[in-house]
Amino acid sequence: MLAWISVENAAERNVCERYANRIRAYALRHLRNSSAAQDLVQHVLLAVLSALREGRVENPASLDAYVLGTCRNAVMDMQRREARQRRIAERAALELPEGFEPAWVGVDRVRLENCLRELGSRERTVVLETFVEDRDAEEIGRALKLTSGNVRVIRHRALLQLQVCMDGGQV
Amino acid sequence: MNTCTKPIPFETLTALWTGELSEAEAAAVEEHVFACDECSEAFDRFAKLAIGLRDFIPIVISHAHRARLVSEGTRICNTPVEAGHTARARFCDKVDLLVHELIADLSGVDSVDLELSSPDGKTRLLLERVPFDAEAGELLVACQRHYEGMFAGDPIMRVYAVQAGKRRHVGEYIVEHAWR
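Here the protein sequences line up with chains A and B, keeping their order. The opening residue of the first sequence carries number 17 in the working numbering; numbering runs sequentially from there. The opening residue of the second sequence carries number 27 in the working numbering; numbering runs sequentially from there.
Isolated chain A, as found in the complex (with noise of 0.2 Å):
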């Protein structure tokens, strides 16, 4: 059992640090909204916290799963409850460790957008379809007269092409 009472701060601190980006980006694909993946992180965090506290984790090796096993049943909860959201959060930032803040950069929207001017309008067109628009690959490749194979490595290189000129790189 872990005593992560006695070394609480430090302790705490290190697993909100480890895990805050994790859960968030799980969140954002399973929840597919930004302020809702906020909420979410601080719920499993603070749930993670008490179970340490409470010696619910018996095996710190496990402690991975149990974060992801968390944040399974939060995410199903928050779909079955959204309105429960907000009360989270308010819980939550009441209860996190003082002075953690699981704070996110969203992508620059003005560097996406010239990151988007840059691919080619195929190219564009089927980023946009596939995220904006939320369609698969076989509505895509029948409004572009594609298989959706070739829809799905089209997409595939436009995002690796996007990721690359998002971190700053060259393409």
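No lab work stands behind these hints, which were simulated from the structure alone. Possibly wrong hints are sitting among the right ones.
Selected chain A positions facing chain B (in silico; Cβ < 8 Å) [stated by the list, open to error]:
#, residue
1, Asn37
2, Tyr42
3, Ser50
4, Leu84
5, Val123
6, Leu128
7, Leu144
8, Thr146
9, Phe147
10, His172
11, Leu175
12, Leu176
13, Met182
The following label-pair restraints were derived from C-beta to C-beta distances [as the list claims (entries may be wrong)]:
#, chain 1, residue 1, chain 2, residue 2, range
14, B, Glu67, A, Arg72, 24 to 34 Å
15, B, Ser144, A, Lys161, 26 to 36 Å
16, B, Asp119, A, Arg88, 37 to 47 Å
Beta carbons are placed, not taken as given, at the ideal position from N, Cα and C, and that holds for glycine.
Given chain A's structure and the hints, the job is docking chain B onto it.
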């Protein structure tokens, strides 16, 4: 930070985000991400890009996208614009987004292109295969606050329709903007 011996390929991240992995495959990726510093960083970077794209507002938006923005609380001022006429739109404090509804007969067309150019023709931007609604006979141009100054003067918006491999000019549209 640990170094990963089996980094998640970029294709897998894309497939994960676009829902193309099975539940078991997605769960395996997520389990790896939670245990691996290197892959969690890659996952986080991809998440930022994906959510940035999801929240991105292109110059031309679909009717479904406009409805989603409204449902999320975006305050939109819609302005119908006829070809060959000049409309006016004002970006007052209570507006987050101007949407210019370019009215055009787009029935039966395969795709639509929009060209934006400054009045002096020095700045041009061609957007191909933009969303349009043939039934409503509209193309929605989403004008954002940071576009102020993108063109020297109010841009001329030229709509082109592509049908059976042929491209035809549909009309020219102008909106006079008041930016505050």
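TODO: Provide an ascending list of the numbers of those earlier hints which the structure does not satisfy.
DONE: none
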